[in-house]
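Undergrad: Given next are the chains, with one letter for each unit.
There are 2 protein chains.
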Amino acid sequence: MSNTEARPLADAIRFLAIDSIVRAGEGHQGVPLGMAEIATALFTRHMKFNPADPQWPDRDRFVLSNGHGSMLLYALLHLTGYAHFGIDALKSFREMGSTCAGHPEFEPAAGIEVTTGPLGQGIANAFGMAVAEAYQNARFGDGIVDHYTYAFVGDGCLQEGIGQEMISLAGHLQLGKLILCWDDNQITDDGSTSLSISEDVSARFRVAGWHVVEVDGHDLEAVSAALVMARRDPRPSMIACRTVIARGIARLQGQRGGHSGKLFEADSEAARRELGWPHAPFDVPADVLDAWRSAGRRSEDAYRAWQARVAALPAAERAEFERIQAGRLPDGLREALEAYQRRAVETSDAQAGITISGEINDLLVPYLPERMVGCADLEAPTGHKRSLKAFTTSDRSGAYVHCGVREHLMGAMANGMAAHGGVIPLAVTYLAFSDYERPAMRMAALMGLPVKFVFSHDSIGVGRNGPTHQPVEILASLRAMPNMRVFRPADAVEAAECWMIALEHRSGPSTLVFARQALLMVRTTHAAANLSQRGAYVLAEAEGGKRRVTLIATGSEVALALEARARLQAEGIATAVVSMPCCEIFDEQDAAYRASVLGVGTARVAVEAAVRFGWDRYLGERGGFVGMPGFGASGPAEALYEHFGITPAHIAAEAKRLISSHEG
Amino acid sequence: MSNTEARPLADAIRFLAIDSIVRAGEGHQGVPLGMAEIATALFTRHMKFNPADPQWPDRDRFVLSNGHGSMLLYALLHLTGYAHFGIDALKSFREMGSTCAGHPEFEPAAGIEVTTGPLGQGIANAFGMAVAEAYQNARFGDGIVDHYTYAFVGDGCLQEGIGQEMISLAGHLQLGKLILCWDDNQITDDGSTSLSISEDVSARFRVAGWHVVEVDGHDLEAVSAALVMARRDPRPSMIACRTVIARGIARLQGQRGGHSGKLFEADSEAARRELGWPHAPFDVPADVLDAWRSAGRRSEDAYRAWQARVAALPAAERAEFERIQAGRLPDGLREALEAYQRRAVETSDAQAGITISGEINDLLVPYLPERMVGCADLEAPTGHKRSLKAFTTSDRSGAYVHCGVREHLMGAMANGMAAHGGVIPLAVTYLAFSDYERPAMRMAALMGLPVKFVFSHDSIGVGRNGPTHQPVEILASLRAMPNMRVFRPADAVEAAECWMIALEHRSGPSTLVFARQALLMVRTTHAAANLSQRGAYVLAEAEGGKRRVTLIATGSEVALALEARARLQAEGIATAVVSMPCCEIFDEQDAAYRASVLGVGTARVAVEAAVRFGWDRYLGERGGFVGMPGFGASGPAEALYEHFGITPAHIAAEAKRLISSHEG
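Each protein sequence line maps, in turn, to chains A and B. Everything in the first sequence is counted per full-length UniProt numbering, starting at 1 for the first residue and increasing by one. Everything in the second sequence is counted per full-length UniProt numbering, starting at 1 for the first residue and increasing by one.
Bound-form chain A, shown alone:
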């Protein structure tokens, strides 16, 4: 197929995009019109995929990192024959409920590998997919896992810090099966890229160790040749495709308005004349559609051969491969965690929260070989360096990715791993620096990906490193995020319970937060049930009469609440302590359970070494809060708790104040 023969295929993308955008009244034509030849080259000659089985585990992955150009993806999925993308779907572009949403929304069964739009996320996801592929390839071999990850990327993604982090680390790790096609159109939403960048982008990639090829992005043959070179090169590849934004719309092409300037019927008609496309809107001539559908079937042989190889695997290996693809936990894991809890109760040693998390993670290692850990320049929270090999250029069997001081990439890498499947990703750093990866955490929540975001140094307990390193508002800000579960366990038993819940939770991310300082054991008897499973529970019921006070605490403050309870009980005030390791799960419980935990008609005091924001929903009109009034300070942890009044004495005093003002 020559450039001339391929031209109608590329134009089919162009006109489906134009027609859908004109019909919707808005959209971003810049990418689909500018990258039509590149997409045609990739999908008709190189991509390994099967529209009949969009979730084929060994398919090549395709990420449209410049997600605003969503019509490019939808047109490709339509033309190659994905069931969810019939012509009616395209006609409903940007309508409520359409599969063709404004930006691509994660739906692997439909052929959408990942939600994109926020710039830089997509290429960092692609990086994570390439890491997951390399790791699985090392484990299962070329016959079972051996695919490329392709990403289309615009200038915005590369200007973003996360994009730069990705360039640096992908080069370091020499991820040879990661291939980017850069839409070098010299235009961003703001105008010419020359407003804000002068550097030679190709040179920047080369400095980081990438293989770079520069081509005319409208020359399909040249792009295809570059893809061949890219696939052969052991380095990650960046194909710099010089393109004209919105090519085909004479009024806008090559200009700022090409990005998303409104398209009118007249533009569509002019483009049809210009490009010699006499067909009606949404009408793709049969020969062109046939050529595309045949491209959609080009991997059928490879698909069948792969199925045969999987079927021929030894039974145990096949079962294991299928287990991790399905995301099922192995037998024995629950029992191992329960045994850990039992031991913790028996020894009843206070231990640093991060040590506890490290122990639990070490314990998981033999059970979950599919788990991968990304770590941003520290090892404390999971202590994995002890028990996991590093994932390196020369050894892809390591499950521990040294991400460097690149939290944002780490989070988005984990999302890409989870979207890839076959891997359980963890991302680990200090809680204070969760803000650096927050945009990626939001994407995990939005996509419903089962990523485990793990954090240490969860409060002023950090001590002398001071307020920059002390989270106070971060628990609240994460709890505000839809579909994000935030766990803050009080001791080793709750930690194991929360890890079990997080590992079983598949429809969204979990955040697990651990103290740097020692956590006293608050669970002093072994319980057969997972008490954290309802989000909050009565840890110590009131004694000597009807409950008058409920103290609600999380994490390291649960032990303080227990001490406060002892003081109150000694004064004859019947007081219960509620431990609330996960607000989000508690909020899902029925009203009767919630009332039984929080207490009806009691005074309630919440205790958390963080801001009050978000706590009032549990406090009612007789509520108090003991926590942080604002940012922390630099000083020893004990001095800070004293200074900010997060003490048993103050908790007890607050409870008594509430009682006297209401009962009295």
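What the hints contain is simulated information worked out from the structure, not anything from laboratory work. On a predicted model such as this, the values are computed, not experimentally measured, just so you know. Incorrect hints may appear among the rest.
Stated by the list, open to error - Simulated pairs of lysine-lysine, DSS-like, Cα-Cα distance not exceeding 30 Å:
#1 B:K389 with A:K262
#2 B:K262 with A:K389
#3 A:K91 with A:K48
#4 B:K656 with B:K546
#5 B:K389 with B:K262
#6 A:K656 with A:K546
Please arrange chain B on chain A, whose structure you already have, making use of the hints.
TA: Then chain B, alone, in the frame of chain A:
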């Protein structure tokens, strides 16, 4: 002064750091020991500064971006004679209340230019300072503003995305007075940098257009020569200083433990023997201290000459310079905003929130030449491109910085500008992407910097771009942040009021959030007072009897609440509408005012096209909420409001449900 003569000066830094860290029992010795010669070269030969007047507006700025090495800064401030850093301050390193906090904490009167610790922030602040200098230099000339900005930086800052964003844009803008000294010690907290980076860092800077010099960081003469070259070169400069981390501590130097491995008395004694430093802890010999103090006085002539030049300025120019240094608003500004409000009431046109913000910002231009705007690849929210010139390599008088798609750098740049002084910085992007700059917003709040963070596209009103672009949790997450005011005005009048409050607020940042869609006028009569000044107020009081319902709303939902009120009043239910443009200010009001606004014993319904998280503190036990249950969706804005039930009908129904369940 030769290397030999300077050695005791550098060692004075080393041993003050060692002594303070040993005494505190913890700290990060890697930087002060590794960068002692670099710091000595800079402070004894190049820096323009005056310990007797730490806030001299034309001083060179010094940023310790690798802020964990705080003892380097404290030792320098002590040795050069800053009043806040007597030897007792050093002896209290890391104690509660010490000026020598774990990480440097913003205190310009003491000589600390900016809080650092979270990696990458410091060099991005330094970038902002260099932009502010260039802008002020263009306005006031070399005689009044002409200084360098120096930053020390470690590997972590350069791995962070924000650091990479800075490299790219500083190179593009050719900020020749920005000079970095890179502590190239090949070690991070995680171990060798080779774990996570392979690229040639100097080459990466050169690609971006920087001047790079590579030197032995322990050769003071070589460093000093490089600083001379750096100051002369028109490009921004990066001096790559090859160093040995923790140099002087034989047990740790050049190794991972050098970063912050615990130091013992024995290490201190061994270092004293090794380096020939027989002096007692905290004892700096008189000749060495004299040499340092004399370095502290080296800019005295320059200081007096500068004072004379300022004194000789024409009166009006001098007054203007002093006004902007003091951060005072000019006469006439308030009146101009009031006139705008009056016009808005008279015309009573519904306008897009972003258009309103743009109009107000255009109006500010003649009054506030000290205002600078950083914009991340869009112009809509302030529409400044209309009214401001771009700040470019060839024209430093432009107040509009095209930041490219680099939100994180933009935010930290604004912080650096505010810390620099003489400039009022704004940073503008979509609210959904505030997460990308959130770490910088946190630093603004922590430092109490008067940055204005401006956002558009504040809700599902974004419509068809879908949930990636629709903030739902972001208002809550920003309200959770201490010392951050979040404004969400309901119409043009409130917008002008909120801008006035934000401009007058000097002790912390303000976030201003605008709708993309049209805002109906809810303020239909002109009020002499700024009604937004108390955070919330009764916009429409209940009529026809005692108030039974309070509807509390913000932004675009205030108009919906007014419609709901009309329905309820029509049914004889006395209903008030409260507009709450700023929760944080309302929370500071006295209890009586708050009760009078929220209503006592009434049903209360909060209405906001965002999550409920944080609203319960206003709702009491008879509260309802009409807003978002989770993430949004892709579809027309009106359809989304209908779909999620954020409608007058639903608000009224919720109010009636509450009434019937409680009154009935």
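Undergrad: It remains to establish, for every hint, whether it holds in the given structure.
TA: Here's how the hints hold up against the structure:
no.	hint	result
1	B:K389 with A:K262	27 Å, holds
2	B:K262 with A:K389	27 Å, holds
3	A:K91 with A:K48	27 Å, holds
4	B:K656 with B:K546	16 Å, holds
5	B:K389 with B:K262	53 Å, violated
6	A:K656 with A:K546	16 Å, holds
Against the hints set out earlier in the document, a violation occurs for number 5 only.
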